[in-house]
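> Sequence:
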Amino acid sequence: MLVAMMVMMYAADKFRNLTLYFLSLEDIFQEDAEQNEKEGTYETMFVQGVALHLKLLRCTEQIGYVFALPFLCCVYMYTGGVTILLFQFTASERSLADMISIIASVMVLAVCTGMTMCRAGDITHEASFLSNAMYMSGWQHCRGLASHRLRKMLTMSMSYAQKPVQLKILSIVDMSYASFLSVMKGAYSVFSVFK
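The UniProt record's numbering puts the sequence shown at residues 1 to 195.
It cannot be assumed that every hint is accurate.
Listed below are the simulated DSSO-like cross-link pairs for lysine-lysine, each with C-alpha atoms no more than 30 Å apart in a straight line [as the list claims (entries may be wrong)]:
id: 1; residue 1: K55; residue 2: K163
id: 2; residue 1: K152; residue 2: K55
id: 3; residue 1: K152; residue 2: K14
id: 4; residue 1: K168; residue 2: K55
id: 5; residue 1: K185; residue 2: K163
id: 6; residue 1: K38; residue 2: K55
id: 7; residue 1: K195; residue 2: K185
id: 8; residue 1: K168; residue 2: K185
id: 9; residue 1: K14; residue 2: K38
id: 10; residue 1: K152; residue 2: K38
id: 11; residue 1: K152; residue 2: K163
id: 12; residue 1: K195; residue 2: K55
id: 13; residue 1: K195; residue 2: K14
id: 14; residue 1: K14; residue 2: K55
Cβ-Cβ distance ranges computed for the label pairs, FRET-style [claimed, not checked]:
id: 15; residue 1: M115; residue 2: D32; range: 45 to 51 Å
id: 16; residue 1: M153; residue 2: E31; range: 46 to 52 Å
id: 17; residue 1: M77; residue 2: I100; range: 18 to 24 Å
Everything labelled a hint here was simulated from the structure, so no lab data went into it. Just so you know, these numbers come straight off a predicted model, no measurement behind them. We treat Cβ as the ideally placed atom computed from N, Cα and C, and that holds for glycine.
Model the full structure from these sequences, guided by the hints.
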């Protein structure tokens, strides 16, 4: 599970770096050079950024496929563990040591599941800034045919970047900040059904 979290942190960091890359493209037009040179450099670097974005989307999709089973096991272990602990909590006598032990176990399970799901939520969060970074990359400084080409490319790239990037567990459960709360509620719901 540690490897999965490290890979997700790396992917979120790559989305953050790509956002900063697009924001830095406007600096090209601050240099002392011919307008045509600036436009050519900008267009080349923008295309490279779009290619990096597509590779990063493919990598993120692969992360979801490779780590689907560990993510699923994590959610099932949390749900099953919390359900068992809640049964134990309601069935046994409530000595202070037992209550502390059960509460600590539930907290550990919640933290482990939360760390995994929130790392996936970081990918979604960082990817959401990318379309704005593309828009603020300095395309408005281009003129003539370069402007026409870039506007088309920018529109297509932005529309593609606006699609939310979400890891899913077997195409069922989104892994995000909000779904972590749903999983926590689900564990209590399972307990309520079986009680």
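> If any of the earlier hints don't hold here, list their numbers in rising order.
Numbers 12, 13 and 16 - these are the hints that the structure violates, sorted from lowest upward.
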